[in-house]
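One letter stands for each residue in the lines below.
There are 2 protein chains.
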Amino acid sequence: MIEVVLLGTGGMLPLPERWLSSLLIRVNGAFTLFDCGEGTQIAWREAGWSFRRLAAICFSHTHADHIAGLPGLLHTVANAGRIEPIDVYGPAGTADVVNGLLTIAPALPYELRVTEFAGGERMKLPGELLGSSVAGQHELPVLAYRVDLPRSRAFLPERARQLGVPIALWQRLQRGESAEWADGKITPSQVLGPERKGLSVAYVTDTRPLPELVALATGVDLLVCEGTYGSDDEFPKAVRNQHMTFRETATIARDAGVGRLWITHFSPALLDPGAFAANAETVFAASTVGWDGLSMTLAFSER
Amino acid sequence: MIEVVLLGTGGMLPLPERWLSSLLIRVNGAFTLFDCGEGTQIAWREAGWSFRRLAAICFSHTHADHIAGLPGLLHTVANAGRIEPIDVYGPAGTADVVNGLLTIAPALPYELRVTEFAGGERMKLPGELLGSSVAGQHELPVLAYRVDLPRSRAFLPERARQLGVPIALWQRLQRGESAEWADGKITPSQVLGPERKGLSVAYVTDTRPLPELVALATGVDLLVCEGTYGSDDEFPKAVRNQHMTFRETATIARDAGVGRLWITHFSPALLDPGAFAANAETVFAASTVGWDGLSMTLAFSER
Numbered sequence: 001m002i003e004v005v006l007l008g009t010g011g012m013l014p015l016p017e018r019w020l021s022s023l024l025i026r027v028n029g030a031f032t033l034f035d036c037g038e039g040t041q042i043a044w045r046e047a048g049w050s051f052r053r054l055a056a057i058c059f060s061h062t063h064a065d066h067i068a069g070l071p072g073l074l075h076t077v078a079n080a081g082r083i084e085p086i087d088v089y090g091p092a093g094t095a096d097v098v099n100g101l102l103t104i105a106p107a108l109p110y111e112l113r114v115t116e117f118a119g120g121e122r123m124k125l126p127g128e129l130l131g132s133s134v135a136g137q138h139e140l141p142v143l144a145y146r147v148d149l150p151r152s153r154a155f156l157p158e159r160a161r162q163l164g165v166p167i168a169l170w171q172r173l174q175r176g177e178s179a180e181w182a183d184g185k186i187t188p189s190q191v192l193g194p195e196r197k198g199l200s201v202a203y204v205t206d207t208r209p210l211p212e213l214v215a216l217a218t219g220v221d222l223l224v225c226e227g228t229y230g231s232d233d234e235f236p237k238a239v240r241n242q243h244m245t246f247r248e249t250a251t252i253a254r255d256a257g258v259g260r261l262w263i264t265h266f267s268p269a270l271l272d273p274g275a276f277a278a279n280a281e282t283v284f285a286a287s288t289v290g291w292d293g294l295s296m297t298l299a300f301s302e303r
Numbered sequence: 001m002i003e004v005v006l007l008g009t010g011g012m013l014p015l016p017e018r019w020l021s022s023l024l025i026r027v028n029g030a031f032t033l034f035d036c037g038e039g040t041q042i043a044w045r046e047a048g049w050s051f052r053r054l055a056a057i058c059f060s061h062t063h064a065d066h067i068a069g070l071p072g073l074l075h076t077v078a079n080a081g082r083i084e085p086i087d088v089y090g091p092a093g094t095a096d097v098v099n100g101l102l103t104i105a106p107a108l109p110y111e112l113r114v115t116e117f118a119g120g121e122r123m124k125l126p127g128e129l130l131g132s133s134v135a136g137q138h139e140l141p142v143l144a145y146r147v148d149l150p151r152s153r154a155f156l157p158e159r160a161r162q163l164g165v166p167i168a169l170w171q172r173l174q175r176g177e178s179a180e181w182a183d184g185k186i187t188p189s190q191v192l193g194p195e196r197k198g199l200s201v202a203y204v205t206d207t208r209p210l211p212e213l214v215a216l217a218t219g220v221d222l223l224v225c226e227g228t229y230g231s232d233d234e235f236p237k238a239v240r241n242q243h244m245t246f247r248e249t250a251t252i253a254r255d256a257g258v259g260r261l262w263i264t265h266f267s268p269a270l271l272d273p274g275a276f277a278a279n280a281e282t283v284f285a286a287s288t289v290g291w292d293g294l295s296m297t298l299a300f301s302e303r
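Protein chains in written order, with this note's numbering: chain V, 1 to 303; chain F, 1 to 303.
No wet-lab data here; the hints were simulated from the structure. All of these numbers come straight from a predicted model, not from anything done at the bench. All residues carry an ideal CB built from backbone N, CA and C; glycine is no exception. Any given hint might turn out to be false.
If you anchor each label on the Cβ, the simulated ranges turn out as follows [to be verified]:
#1 V:275 to F:84: 33 to 39 Å
#2 F:16 to V:29: 54 to 60 Å
#3 F:108 to V:151: 46 to 52 Å
#4 V:95 to F:17: 33 to 39 Å
#5 V:232 to F:99: 55 to 61 Å
So these bits of chain V aren't anywhere near chain F, every CB distance computed over 12 Å [stated by the list, open to error]:
#6 219
#7 239
#8 257
#9 259
#10 275
Please put together the full structure from these sequences, using the hints given.
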């Protein structure tokens, strides 16, 4: 199960009625946060979740509207009692920026481990999540992320009984290990069902559309992707500022065959993003123009 | 005239219903900001004032809850079109912290001039304000500030006429300069009324009470002072954490003979600060337990 909350949906600057774009996901009780602009910790508090189990932060890039909230959040996580390390991922330049911001969080009770990616790397994220990254195209280095929660194959007790496998060995087989006993031996495949689809989420912001982004998001259950401009008329501005229109965002979702699309990172000039929903929906029906606090629980779909 | 807005009243961390403690004052169209925690720019926007004429920022100290909002605010002020310099004042260590935070605001269209004070210094602030500072007592260097808007002495036209001063010289005399003409000469004192009281505001936070703070605030029209704890029972905590209770705050106001007291910088655990108003009011009647957006216009009281 993956719980997802879109903490904010704004780009460039925080507004009284719109937090900056940020995505929080929880898996097996541990949190991974994507981007942390000014005010993200307040939006997180509004979502009603505790701070202590924040274990990883993935930054798309180091523009202030995506990272300025880091020191305040780190203080609040410390106040919540965390002492375990937090992993920070981001593109080239992230370590310098994090170090700069840490001048106002000089004595945290946990370790902050910063890793810079060029795009293409994979990493383990909290709660058994597998992360991957690709480079986007923006004014400075930017990363898009995908997380996968694999699902283990089902253990088939009837099959194990037929093969005479002692019950004491079942758990080992379920974990994917082979087993031997007095009367025989067995490999996991003999008592496990077929491969099962896991759960997956992709987070893409502050980039022009790229084939690599479609590849990254292929088949995800949920794609959270920027759509800075609602109107098709702002396509030239999207090209110039290296963002996307809703139509472009939906085109990525369609081409990647995702389950659902949430659009986020609206220009401050876009006062009513929902008014442009049709520009996305005509391209990809399962599009949602996001709002602060939009949440969803992704659950394994079949037994 | 001095316009004052208490942008936020929180200490330690920003809450969904309470911005971090920050005071904005406007004099002759120019802004001076006191402290800038995470979210201050949003509170400023809620107050409905434009950003372009921010000309000075006075930091009490460099704890994150008083300074983390700086880079975001500087971006927003830049977006509002400012190109003129901004002066930044703060205690020792401010320049390092500001430089750290500027890693996410590396290319501003205006100059940021940082001056560190030890306490006791004076400075010119925007809109003909005169600023002064004293050191407080906290975990790290902290400054309290006072601003004075002097009022010129009234020009007495009847007296000038009696003395035969040509009208062409009146303006010069009003500015405080001596004047000569064919038939005589005159000093300003001969045609100016008595000294007149100006307007003044003091801003004190994150410190234990000190005699120096009483001296700083003596006779100000408005004292904005921290009261982290409402209950007298939390006096030991106030001592330990180097803050004040409402009663201590009001005692400074009373001893300094201020016109009005606004209490701010409430502990996040203080859910209903107003419930402790009596602890201040019994010591100093003109006490107000502050709230986000509390505002006041100080005007010269007599002709």
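46 to 52 Å as the expected CB spacing between residue 151 (chain V) and residue 108 (chain F), which holds or is violated: 49 Å, holds
C-beta pair residue 232 (chain V), residue 99 (chain F): status relative to the range 55 to 61 Å that was hinted: 43 Å, violated
Non-interface label on residue 257 (chain V), tested against every C-beta of chain F at 12 Å: 36 Å, holds
Outcome for the supplied range 33 to 39 Å, where the beta carbon pair is residue 95 (chain V) and residue 17 (chain F): 35 Å, holds
Minimum Cβ distance from residue 259 (chain V) to chain F greater than 12 Å, as the annotation requires: 31 Å, holds
Range agreement (Cβ of residue 29 (chain V) with Cβ of residue 16 (chain F), hint 54 to 60 Å): 23 Å, violated
Residue 275 (chain V) paired with residue 84 (chain F), Cβ distance criterion 33 to 39 Å: The hint (33 to 39 Å, Cβ to Cβ) holds, given that residue 275 (chain V) and residue 84 (chain F) are roughly 38 Å apart.
Beyond 12 Å from every chain F Cβ - status for residue 239 (chain V): 21 Å, holds
Interface-negative label, residue 219 (chain V) against chain F, beta-carbon threshold 12 Å: Holds, because the least Cβ-Cβ distance between residue 219 (chain V) and chain F comes to about 35 Å, which exceeds 12 Å.
Assertion that residue 275 (chain V) lies outside the chain F interface [Cβ separation over 12 Å]: 22 Å, holds
Comparing the model with each numbered hint stated earlier shows that hints 2 and 5 do not hold.
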